[in-house]
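Trainee: Residue numbers (the numbering used here), protein chains in the order written: chain A, 635 to 747; chain B, 86 to 195.
No lab work stands behind these hints, which were simulated from the structure alone.
C-beta atoms are modelled at their ideal positions from N, C-alpha and C, and glycine is treated no differently.
Check the hints yourself; a few may be wrong.
Just the calculated beta-carbon pair ranges, DEER-fashion [to be verified]: (1) B:Val140 <-> A:Gln714: 45 to 55 Å; (2) B:Gln99 <-> A:Arg649: 40 to 50 Å; (3) B:Lys102 <-> A:Leu689: 20 to 30 Å; (4) A:Ser696 <-> B:Val140: 37 to 47 Å; (5) B:Ser111 <-> A:Lys691: 42 to 52 Å; (6) A:Gln714 <-> B:Lys126: 45 to 55 Å; (7) A:Gly674 <-> B:Ser130: 32 to 42 Å; (8) A:Val747 <-> B:Ser97: 31 to 41 Å; (9) B:Thr105 <-> A:Val747: 22 to 32 Å; (10) A:Ser707 <-> B:Thr113: 41 to 51 Å; (11) B:Asn103 <-> A:Leu689: 32 to 42 Å; (12) B:Thr112 <-> A:Gly674: 36 to 46 Å; (13) B:Glu129 <-> A:Asn685: 23 to 33 Å.
Some residues of chain A that are not near chain B, with every Cβ distance over 12 Å (derived) [unchecked claim]: (14) Arg649; (15) Val653; (16) Val746.
What the simulated footprint calls covered on chain A by chain B, stretch by stretch (three residues with Cβ under 8 Å from a Cβ of chain B suffice, anywhere in the stretch; the number is not a length) [to be verified]: (17) 703-715; (18) 737-743.
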Amino acid sequence: DTGVSQNPRHKITKRGQNVTFRCDPISEHNRLYWYRQTLGQGPEFLTYFQNEAQLEKSRLLSDRFSAERPKGSFSTLEIQRTEQGDSAMYLCASSAQGVSEAFFGQGTRLTVV
Amino acid sequence: ELKVEQNPLFLSMQEGKNYTIYCNYSTTSDRLYWYRQDPGKSLESLFVLLSNGAVKQEGRLMASLDTKARLSTLHITAAVHDLSATYFCAGTNNNNDMRFGAGTRLTVKP
Numbered sequence: 635d636t637g638v639s640q641n642p643r644h645k646i647t648k649r650g651q652n653v654t655f656r657c658d659p660i661s662e663h664n665r666l667y668w669y670r671q672t673l674g675q676g677p678e679f680l681t682y683f684q685n686e687a688q689l690e691k692s693r694l695l696s697d698r699f700s701a702e703r704p705k706g707s708f709s710t711l712e713i714q715r716t717e718q719g720d721s722a723m724y725l726c727a728s729s730a731q732g733v734s735e736a737f738f739g740q741g742t743r744l745t746v747v
Numbered sequence: 086e087l088k089v090e091q092n093p094l095f096l097s098m099q100e101g102k103n104y105t106i107y108c109n110y111s112t113t114s115d116r117l118y119w120y121r122q123d124p125g126k127s128l129e130s131l132f133v134l135l136s137n138g139a140v141k142q143e144g145r146l147m148a149s150l151d152t153k154a155r156l157s158t159l160h161i162t163a164a165v166h167d168l169s170a171t172y173f174c175a176g177t178n179n180n181n182d183m184r185f186g187a188g189t190r191l192t193v194k195p
């Protein structure tokens, strides 16, 4: 297993377009997290799945953001009608049930122009 | 909702010196994590602290947890340049999702 994989690594999009990111967690990890990170800040929680169930979603997340994990394996994060303020690094992490640490992917850097 | 605060946010150290980074959290957290992030890179797990009084050490870094004080510390011993990075602590919220502090940007100077 090569760890958490995120695609694409970079995405440049025009304001108003929709974008979708994919995260493949470490196999057998049932927990999956999405975070957003801007320069000089800590990772900001977006949403969290346990298996296919979305257990938590940040109140900061507008309805333009949606995430799915249909079969409890990979996950997608979609941003509709992108805005310049959405420009950030989007990080995905996964962990196993219990007390293990979460492992992060390399992130998808989104630039909205 | 869990809030995590770190201090200092910026730390410049001389090589060979010792220093401590502090992480306070607002509500009960089942566990406390420490991560390292190099510029342009993702986060690398350093420590997971599970119980009150837990102490873990790896090389020049030692992390501890005091759940009664809602405080974790990351102690750096005899700093070297390779330790320059941003260090984050994170706690777990009600549903076991992680919430991060703002990070401590450490620069170790020769």
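Trainee: Now tell me if each hint is right for this structure.
Mentor: Against the structure, the hints come out as follows:
1. Between Val140 (chain B) and Gln714 (chain A), the C-beta spacing of about 46 Å keeps the proposed range 45 to 55 Å intact.
2. Our hint of 40 to 50 Å for Gln99 (chain B) and Arg649 (chain A) holds, since their Cβ atoms are close to 46 Å apart.
3. Taking 20 to 30 Å as the suggested C-beta distance range, the pair Lys102 (chain B) and Leu689 (chain A) does not conform, at roughly 43 Å.
4. The hint said 37 to 47 Å for the Cβ distance between Ser696 (chain A) and Val140 (chain B), and at roughly 42 Å that hint holds.
5. Between Ser111 (chain B) and Lys691 (chain A), the C-beta spacing of about 20 Å breaks the proposed range 42 to 52 Å.
6. The beta-carbon spacing between Gln714 (chain A) and Lys126 (chain B), approximately 29 Å, falls outside the hinted interval of 45 to 55 Å.
7. Between Gly674 (chain A) and Ser130 (chain B) the beta carbons are some 21 Å apart, a value that contradicts the proposed interval 32 to 42 Å.
8. Checked against the hint of 31 to 41 Å, the C-beta distance between Val747 (chain A) and Ser97 (chain B) comes to roughly 35 Å, which is consistent with it.
9. One distance hint, 22 to 32 Å for the beta-carbon pair Thr105 (chain B) and Val747 (chain A), is violated here, with the actual separation near 42 Å.
10. Between Ser707 (chain A) and Thr113 (chain B) the CB atoms are about 31 Å apart, so this pair departs from the stated range of 41 to 51 Å.
11. Checked against the hint of 32 to 42 Å, the C-beta distance between Asn103 (chain B) and Leu689 (chain A) comes to roughly 40 Å, which is consistent with it.
12. At about 26 Å, the CB distance of Thr112 (chain B) to Gly674 (chain A) disagrees with the hint of 36 to 46 Å.
13. Between Glu129 (chain B) and Asn685 (chain A) the beta carbons are some 26 Å apart, a value that agrees with the proposed interval 23 to 33 Å.
14. Listed as outside the interface, Arg649 (chain A) is consistent with that label: its C-beta sits roughly 25 Å from the nearest C-beta of chain B, beyond the 12 Å cut-off.
15. For Val653 (chain A), the requirement that its beta carbon stay farther than 12 Å from each beta carbon of chain B is met, with the minimum near 19 Å.
16. For Val746 (chain A), the requirement that its beta carbon stay farther than 12 Å from each beta carbon of chain B is met, with the minimum near 19 Å.
17. For the stretch 703-715 of chain A, the stated coverage by chain B is not satisfied: 0 residues place a CB nearer than 8 Å to a CB of that chain, which falls below the threshold of 3.
18. Residue count for the stretch 737-743 of chain A with a Cβ under 8 Å from a Cβ of chain B: 5. That meets the three needed, and the coverage hint holds.
Consistency note: the structure conflicts with the earlier hints numbered 3, 5, 6, 7, 9, 10, 12, 17.
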